[in-house]
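Residue numbers (full-length UniProt numbering), protein chains in the order written: chain A, 1 to 687; chain B, 1 to 180.
Treat the hints with care, as some may be off.
[Claimed, not checked] Just some of the chain B residues that point at chain A, by a computed CB distance under 8 Å:
{"hint": "1", "residue": "11"}
{"hint": "2", "residue": "84"}
{"hint": "3", "residue": "87"}
{"hint": "4", "residue": "91"}
{"hint": "5", "residue": "135"}
{"hint": "6", "residue": "136"}
{"hint": "7", "residue": "161"}
{"hint": "8", "residue": "179"}
Just so you know, the hints here were simulated from the structure itself, not pulled from any lab data. Just so it is clear, the structure is predicted and the values come from calculations on it, not from any experiment. Quick reminder that beta carbons are idealized off the backbone N, C-alpha and C, glycines included.
Given next are the chains, with one letter for each unit.
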Amino acid sequence: MAIVKKKKVAAAAKATPESTKKAVKRPVSEGEQTPKKKKKVAAKKVQNGDTPAKKKVKKAKVVEEEPIEEVEKLQLMDDDDEEGLNELNFTQHDGSDDDLRDDYSDDDGKCHSHSRINGFCFDLDDDDLPIEKKSAALDKKKEKIMKEGEEELQLNIANQATFELPTVEEIENEMKSVPNLEIIKQRIADVIQVLGDFRNRRDPAKSRTQYVEVLKKDLCSQYGYNDYLMGKFMDLFPNGAELLEFLEANDNPRPVTIRANSLKVKRRDLAKNLINRGMNVDPAADWTKVGLVVYDSQVPVGATPEYLAGHYMIQGLNSLLPVMALAPQPGDRVLDMCSAPGGKTSHIAALMKNSGTLFANDASFDRCRAIIGNLHRLGVNNAVVCNLGGEEFAKIRPNGFDRILLDAPCSGTGVIWKDQSVKTSKDSQDVQRRHTVQRQLILSALDSLDANSPNGGYLVYSTCSVLVEENEAVVNFLLERRHCELVPTGLSIGVDGYTRFRDYRFHPSLSMTKRYYPHVHNIDGFYVAKIKKLSNAKMSKQAVLEKEKEKATQKSQKKKQAAEDNDSDDSGEEEEVTTNGQANGKSEKKKKQKKGADADESDDDVETAPMKNIGSGARANKKRRNQKKAAAKQAAVQEDDGFNTVGNIKRAKKPTQFKSKVPKRAAARTGAKSIKNRRKKVLAKQQ
Amino acid sequence: MRPLTEEETSLVFAKLASFIGDNVSMLIDRNDGDYCFRNHKERVYYCSENLMRQAACISREPLLSFGTCLGKFTKTKKFHLQITALDYLAPYAKFKVWLKPNAEQQFLYGNNILKSGIARMTDGTPTHAGIVVYSMTDVPLGFGVSAKGTADSKRADPTALVVLHQCDLGEYLRNESHLN
């Protein structure tokens, strides 16, 4: 049932070109007689025995045939020998009324133009030549046909407007059998067309959500995504045409690109060498000085002697971007938190000219091996490779780095062409897990930055995902939790990040971050944000400002007090005492502030709460309060859609470890007691 | 991470000296800061003092590499150079050999060098000396030990072994996992 409808629709959509074709064809069948008639006329003229007046007659003929020409073309092609005959005949006819003919032909031309407009011009003068009459008749026919064609076109448009939408259930049933790709493709196009001008083209009985549902199902089956991811992409690209472009781009591979290692070789020399090896390379883009694109190669790109000697690294153009945004300076202390396989890390080292220190970290040991190999191959000797969790750096080296690159682990929705399994393997759980980790990492990264470093204090956050939950939402979360601000990335290309996405509103400065799409920039989907740390306090911006205010008020109060004391007290000894007291007070306050700065934000109010009478159940109260808080947090996390910026992080459940109830020593029977007992037994036996 | 013991130092320096001779001193007395050798998990790393201090803040287990790894001590306490040391061997090498383009690949696949593959060789190379292998475009490809001196190899037939393979750049691909 549904299929039949669709076919109709398909026909309707295609009808536009077809109808015009028909319009061309039909007159041919009707106008078949025309050449024959012409022949007869010509024959008559020949009998009259008139002398030929070639040019003029020809001219007349041309004018005459003009309208017919298009219509008659096919037919004419069939019997062109006849046509040739006609022409011959014409050449011989009426030369006697030469002058008359001349005027006539001119008139004829004019008349013709008239006839095109209203078709009645010829009826006025009765003494027309029969040929002209015929041509007039043809004109009429043509006009009629044009009208018909137009009507048909109108009809088609009407048909299109009433495109009938199948229900979701119907589509699902269709999927169970073998889906017809042609029909699905057609339906996608139709639905997108309807959605493009929804008010006029919709079926009033169907709602927009129904249309969108159908579109989603079709796109999923056409491109092989799961429902969740397709929904996300549809949110990201509300424009249907762009969405299709994006999905198409996800199936096409990006060009192979390499980065010349500026520690060892210049790009120009490298290009020359590679061309000699039989590779076809070109500078990749005008915004990079080290990128080369490989069009085709007769040798494996990853195994040339140049590659082994560390003259270049195979990496996507997108991975040049975060390093360019980071802009490391020679002598900096730089951390690359998730660095495997070392492409970006070696790029950083190249920009630092092998000076300063560069920490390359990755959480996976196996991938760390690749870092070591690549860094040594590329001649980087200022790097420390370590295999730690990213969160550790905040503990190991708090405020210990000038610049940090965090290329966070992500769902990989920007590089689907590399790994098609992303299309189906990601669900909301996966993405939630990812952005939870990303939040932990970005907090830890910012905490290990040094805000007071002379030319640093920058964090670059990047992902190869296009989802907003993993990008803007994470950065926004950081902005709310820590005292930092976004700064321009300094990249010339890219789309600005979202400040508003659906019903979520982010900090307006998020427009300074950059997004990259495969269909726009022909590089992998990517996101880059550059953040400057403003103070080393582990507090939000507001808390920092409040603290500063408090400080200022305290200072002013102290000044006042001091002034009052000076006024009231005259004796020098007492003054000393007061100053001492003040000093003590100051130091106490300082301690308190330090505590406040160190403690996490959430504990702040607890910390400052009076804790004088511990025996009075204050501890129990505190415990209860904390339990309530934790419960509320967990509840909030349950409904996390990736945009909560309160900063509640879902606690990953640790797998319960098996613990034997027998103590280890007892199990091994090497405990002091057991040995003693055994010894006793042995001794007893001996005796 | 710890400084090398006396024994280890002599082993490492003897090995290095077989390739770069007296230039070993250039590795220690550098005018761009203090450099040092460190033993970490039976591997010898060569790096600047500053970098070494910074690396010390990471505990033993997760610290995988710092600076440049020169080689490792085997279980029998011999010192083996690794391909990663090439960066420091190549510029100071005493004895060098240049390969013909078609022999390049043979060497990069881990094979010894025959006389037919050699385009040039440093004069006065003795037998069993450390020798660094270059391509014709002066890109260091690896190193090995000379099986025949320059004089001997001139007289040898084209299929005779001249350089015994020790390390080559192909190892970055072949056994990346053994580099640390």
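Cross-check of the supplied hints:
| no. | hint | result |
| --- | --- | --- |
| 1 | 11 | violated, 21 Å |
| 2 | 84 | holds, 4 Å |
| 3 | 87 | holds, 6 Å |
| 4 | 91 | violated, 12 Å |
| 5 | 135 | holds, 6 Å |
| 6 | 136 | violated, 11 Å |
| 7 | 161 | violated, 22 Å |
| 8 | 179 | holds, 5 Å |
Checked against the numbered hints listed earlier, the structure breaks hints 1, 4, 6, 7; every other hint is satisfied.
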